[in-house]
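*Asks:* Given the sequences, and given the hints that come with them, work out the whole structure.
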Amino acid sequence: MTVHTPEQIAKEERRYMQVFAWLAILTAVELGVIYAPIARIAIGGMLVLLAATKAALVAMFFMHLSAEKRTLAYIALTPALLCVLLVFALLPDLGAITRALTHATPPPATAHE
Amino acid sequence: MSHAAVAEHEFGLEPAESPLTPESWGKLGMWVFLAADAMSFGGLLAGYGALRYGDPTWPRPSTILGIQLTAVMTFLLICSSVTMVEALAAIRRGDRDRLEWFLFLTICGGMIFLGLQAFEWNKLILREGQSISRNNFGATFFILTGFHGCHVFGGVCLLSAILGRASRGVTGAIVVPIVAALLTIGTLVITSATLSGLVGIGSALVGSGLVYMVAKLLRAPTSVYSAHSNNEVEIGALYWHFVDLIWILVFTFVYLV
Chain W
1 MTVHTPEQIA
11 KEERRYMQVF
21 AWLAILTAVE
31 LGVIYAPIAR
41 IAIGGMLVLL
51 AATKAALVAM
61 FFMHLSAEKR
71 TLAYIALTPA
81 LLCVLLVFAL
91 LPDLGAITRA
101 LTHATPPPAT
111 AHE
Chain L
1 MSHAAVAEHE
11 FGLEPAESPL
21 TPESWGKLGM
31 WVFLAADAMS
41 FGGLLAGYGA
51 LRYGDPTWPR
61 PSTILGIQLT
71 AVMTFLLICS
81 SVTMVEALAA
91 IRRGDRDRLE
101 WFLFLTICGG
111 MIFLGLQAFE
121 WNKLILREGQ
131 SISRNNFGAT
141 FFILTGFHGC
151 HVFGGVCLLS
161 AILGRASRGV
171 TGAIVVPIVA
181 ALLTIGTLVI
191 TSATLSGLVG
201 IGSALVGSGL
211 VYMVAKLLRA
221 PTSVYSAHSN
231 NEVEIGALYW
241 HFVDLIWILV
251 FTFVYLV
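Same order as they appear, the protein sequences are chains W and L. When you line the first sequence up against the numbering used here, it's residues 1 to 113, in that order. When you line the second sequence up against the numbering used here, it's residues 1 to 257, in that order.
Check each hint, because a few of them may be wrong.
Using 25 Å as the maximum straight-line C-alpha spacing, the simulated SDA-like pairs for lysine to any residue come out as follows [as the list claims (entries may be wrong)]: (1) W:Lys69 x L:Ala35; (2) L:Lys27 x W:His4; (3) W:Lys11 x L:Arg98; (4) W:Lys11 x L:Cys79; (5) W:Lys69 x L:Ala227; (6) L:Lys27 x W:Ala59; (7) W:Lys11 x L:Gly94; (8) L:Lys27 x W:Pro92; (9) W:Lys11 x L:Ala35; (10) W:Lys69 x L:Leu69; (11) L:Lys216 x L:Thr83; (12) L:Lys27 x W:Tyr74.
Covered stretches of chain L (in silico footprint by chain W; criterion: 3 or more residues with CB under 8 Å from a CB of chain W, positions within the stretch not fixed) [claimed, not checked]: (13) 42-49; (14) 62-75; (15) 81-94; (16) 246-257.
What the hints contain is simulated information worked out from the structure, not anything from laboratory work. We put the beta carbon where it would ideally sit given N, CA and C, even for glycine.
*Replies:* Given below as structure tokens:
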């Protein structure tokens, strides 16, 4: 069991407050971005970037991933990479099916008679 | 790795210490669980993205969902993450009172979050006419936020178990989470019945206060947690931060983008 010195704990607590401030600021920025008069694609890109930054802050400092062994970081990062891969794998298939379904014209009634 | 652990390893036995998390095997177990759980959320988010991408009739979320309310819920979860790290810092200093206080604040944050989510769901179902079977938007929205809500509920119970164990060992670890689970369900029912967010917040405050009181009533003179022994608090904290992290992503992808 690692015992933390009072100085270490005090330093960590200061860092927690800094991270908290950043998370609050980034959340406020996210809310501002959605009303910005810019292209939807740019808004989407900025929001994804902001969310990834916030998630990284939580993982690195609140979950102490920055202080853990690097292998543990790889374990934690793998699902995120697989998720991105999954999105790109699904898009052509599921996207096309949904598009076809939403645009499909109903068969004429006479076809069944 | 300690000398004893290395010696055991040389003789072909399992190492006594986890190679990645020397503090405990439990912590490594939690990380592996979180990685698996992240894949569950990853699959749901990927499915959401793919369905939305292919559907030109997909509604703009901000026109249906209450962004302001959800922003408050997001801020609340971030605050509860801070109280959780403060709880861990407190027990690392050996301060049992502050551990219990910050655990209470974290549980309170979780219960208020669930109360507000129940309010949001009821508003969407009863006033906006949304449902899980109406369209893809409803299906993905309710499954994603519902799955996350279940995690928050699990987190409230887990942290209550840690609070109970800090208070009175195994007895507390059984009694307090049961009380917390029942009061959380009560909060959800009251919020749904009254259709009021303020009532949801109020009942969550009362509920978490009662959980804290039960823990205080059970309190034994000594605690199982100390500056030298607090692995379970750290493991519980990992889970809670993960729930916060996932909500950050759900908030962005489901509500904002």
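*Asks:* If a hint holds in the structure, say so; if it doesn't, say that too.
*Replies:* Hint check results:
1. Between W:Lys69 and L:Ala35, the direct Cα distance comes to roughly 16 Å. Compliance with the 25 Å bound is thereby established for this hinted pair.
2. Among the hinted pairs, L:Lys27 with W:His4 is consistent with the structure: their alpha-carbon atoms are about 17 Å apart, no more than 25 Å.
3. In summary, the hint linking W:Lys11 to L:Arg98 is supported, as the alpha carbons are separated by about 18 Å, within the 25 Å threshold.
4. Between W:Lys11 and L:Cys79 the alpha-carbon distance is near 19 Å, which keeps this suggested pair within the 25 Å criterion.
5. Taken as a hint, the W:Lys69 and L:Ala227 pair is honoured in the structure, with Cα atoms around 22 Å apart against an allowance of 25 Å.
6. This hinted pair checks out: L:Lys27 and W:Ala59 have alpha carbons roughly 15 Å apart, not beyond 25 Å.
7. A C-alpha spacing of about 17 Å is found between W:Lys11 and L:Gly94, which places the hinted pair at or below 25 Å, so the restraint holds.
8. Between L:Lys27 and W:Pro92 the alpha-carbon distance is near 39 Å, which puts this suggested pair outside the 25 Å criterion.
9. Note on W:Lys11 and L:Ala35: the hinted pairing is violated, with a Cα-Cα distance of about 29 Å set against a maximum of 25 Å.
10. With a CA separation close to 38 Å, the supplied pair W:Lys69 and L:Leu69 exceeds the 25 Å bound.
11. Restraint check for L:Lys216 and L:Thr83: satisfied, since their Cα atoms lie roughly 19 Å apart, inside the 25 Å limit.
12. Note on L:Lys27 and W:Tyr74: the hinted pairing holds, with a Cα-Cα distance of about 16 Å set against a maximum of 25 Å.
13. A count of 6 residues in the segment 42-49 of chain L with a Cβ less than 8 Å from any Cβ of chain W is obtained; the coverage claim is therefore met, three being the minimum.
14. With 5 residues having a beta carbon nearer than 8 Å to a beta carbon of chain W, the segment 62-75 of chain L meets the requirement of three or more and the stated coverage holds.
15. Under a criterion of three residues with beta carbons nearer than 8 Å to beta carbons of chain W, the stated coverage of the segment 81-94 of chain L is upheld, 8 such residues being counted.
16. Counting residues of the segment 246-257 of chain L whose CB falls under 8 Å from any CB of chain W gives 7; the rule of at least 3 is met.
Hint compliance for this structure: hints 8, 9, 10 are broken, all remaining hints hold.
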